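Peer 1: Given next are the chains, with one letter for each unit.
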Amino acid sequence: MLEWRLKAYRIWQTMEEPDWAHVHYPEIDFQAVSYYSAPKSLEDRPKSLDEVDPDLIETYNKLGIPLHEQEMLAGVAVDAVFDSVSVVTTFREKLEEAGVIFCPISEAVHRFPDLVKKYIGSVVPQRDNYYAALNSAVFSDGSFVYIPKGVRCPMELSTYFRINQMNTGQFERTLIIADEGSHVSYLEGCTAPQRDENQLHAAVVELIALDNAEIKYSTVQNWYPGDENGKGGIYNFVTKRGICHTRAKISWTQVETGSAVTWKYPSCILKGDHSVGEFYSVALTNNYQQADTGTKMIHLGKNTKSTIISKGISAGHSQNAYRGLVRMGSSAAGARNYTQCDSLLIGDRCGAHTFPYIESAHPSAIVEHEATTSKVSDDQMFLCQQRGLDAEKAVSMIVNGFCREVFKQLPMEFAVEAGKLLEVSLEGSVG
Amino acid sequence: MLTIKDLCASVEDKEIIKKLSLDVKPGEIHAIMGPNGAGKSTLGNVLAGRPGYEATSGSIEFKGQDLLELDPEIRAREGLFLAFQYPVEIPGVSNMELLKAAVDARRSHAGQSELSAIDFMKMAREACKAVGLDQSFLKRGVNEGFSGGEKKRNEIMQMMLMEPSLCILDETDSGLDIDALQVVAKGVNAMRADDRSFIVVTHYQRLLDYIVPDFVHVLANGRIVKSGDKSLALELEAKGYSWLEDEVA
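Read top to bottom, the protein sequences are chains A and B.
Anchor point for the first sequence: position 273 equals 273 in the working numbering, and the numbering is continuous, going up by one each time.
Anchor point for the second sequence: position 107 equals 1107 in the working numbering, and the numbering is continuous, going up by one each time.
Mixed in with the good hints there might be a few duds.
Computed list of lysine to any residue pairs in SDA-like fashion (alpha-carbon distance at most 25 Å, straight line) [stated by the list, open to error]:
| id | chain 1 | residue 1 | chain 2 | residue 2 |
| --- | --- | --- | --- | --- |
| 1 | A | Lys393 | B | Gln1112 |
| 2 | B | Lys1139 | A | Ile309 |
| 3 | A | Lys375 | B | Pro1091 |
| 4 | A | Lys231 | A | Gln319 |
| 5 | A | Lys420 | B | Ala1117 |
Derived CB-CB ranges, DEER-like [unchecked claim]:
| id | chain 1 | residue 1 | chain 2 | residue 2 | range |
| --- | --- | --- | --- | --- | --- |
| 6 | A | Lys420 | B | Gly1145 | 39 to 47 Å |
| 7 | A | Lys420 | B | Lys1239 | 56 to 64 Å |
| 8 | B | Lys1122 | A | Met412 | 38 to 46 Å |
| 9 | B | Val1088 | A | His353 | 37 to 45 Å |
These are computed hints drawn from the structure, not numbers from a lab.
Being a predicted model, the structure only gives us computed values, none of them experimental.
The beta carbon of each residue, even a glycine, is placed where N, CA and C say it ideally should be.
Input sequences plus hints: build the corresponding full structure.
Peer 2: What follows is the structure, given as structure tokens:
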């Protein structure tokens, strides 16, 4: 592992920071970044919610997060947190019964070295890109999942359940392996803004769906977006990619509302014949946030299918870009893609951009791309207000409607929270 | 219910309503007729508080309050309802979702508790039935892919659920076939009550065969040039509007 990391570090040193994305930010001093932050010692943590930033608490309340969960999210060191330990334990037992492995990747390196060695870097190699190389060199922890052959994971796996390991640092590495014919749904992130002083997040997620397996990966990302003047906030540079073997399916669903700068393209390599890739995305930017997000669907196998539904919402002074690549390889006979890319603008100082790349090397491949740009119209607003809704409620309802196609891909309780999150994120966007 | 005194109103700095006065008492139905461009729709929009429709002078009193001081959503919660001439589509937001939020907003403003989802569904289904819309319309996006007639029926369905004190129908009859017209009229007639008033804006007399008004006002060039009972509508039908404009001139 050490050698693998050192190799990544040497590669990273030879690489240059990419500048093609439609985002602008001051140069990052990579020497100044802290690469390992151990979980805070109990003495350093806030002793109770009274010591936590009241803005944060207010947001938790708006999202309807129960008190003990608020404490966990804010990193409060109280015994109440351990109420949930029993939940975690029953959860673990149930998974073990099914043969599912779900543990921190640091633990997996020791307990399952063969699996880790075989698959880590197999989808996102060290030299893949600047941030992936950096992550490979310095990642401190993350999640590891293995679903054995033919097993349908008995519950949604969520990072939420390892919340006590939340302060594991900004370079997360996630590896999910779904063996032949297995099925897993994985939820990442949390709808609450986390107490987090880190500036740079460069995570890597690798998914491996072996023959006939299915992985559904849902993300709700709400890192600190910076204040209303664009000060502060997280840089979120993430590499997420999955590989589908024969008749396998990978489905990415993401709701991105946080971070000052987002640079993220969850992608699928459709290697096996008849494999399926899906990407459903809602990206909302407000104030001075910038997002450059989308997907790559690389069709290699015959009769592979992909669907891309992207909904971008821009408000305030924000910039929101969709960037997507659909590549039909020379072996991808009968491959199909459908892309729908919609942008919604709120106000007249924000921007929406679409950068679709389509490459087709097979005459029988079919690629469809639809795109729309619209504004929340005065007529829609007035209709809602004439029915008694105030302006903020009206906007959030219209925006939620715009995102419906994506939200219905999310697990039920996540969908409800995602709706509320949009509401909170849009606050102050109508004057 | 509603007292308009010497109202002047502009749209994009152009004066459309010129010194209009109108008194609507509880339980009354007033029809506003007039040629194209007379300011009929402007009146409805000013009453509802649509942005861009500005009252420049005069006063409007609604249920004892200064209407012009209230935000559009407060006017709605106080019981002022505008059935739109051109109902707009809101993709992805179900009719049901909008209506539940609307009814809840009105109820909580009046100090009542929110309706349970079950009670609301029951009411909504009945309202659908009353205007001849299939229940599936509740689940569809607001006006999304509705025909012209369906949009108008949907407006009346919303009106029934909101239980307003003052209903303003802005050319609800335009684009309706005779069957739909009768359905709409039936819905309105069923809602007639001693404590509820209607302002029916229409270009044609036809609607007034089904919704019988207490008063008919002719609006021309931004003011009411003639008022009368329902027979005035018939006279207009026979003679057109030009004789009135001549008379005023």
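Peer 1: Which hints from the list above does the structure break, by number from lowest to highest?
Peer 2: Hints 6, 8 and 9 not satisfied by this model.
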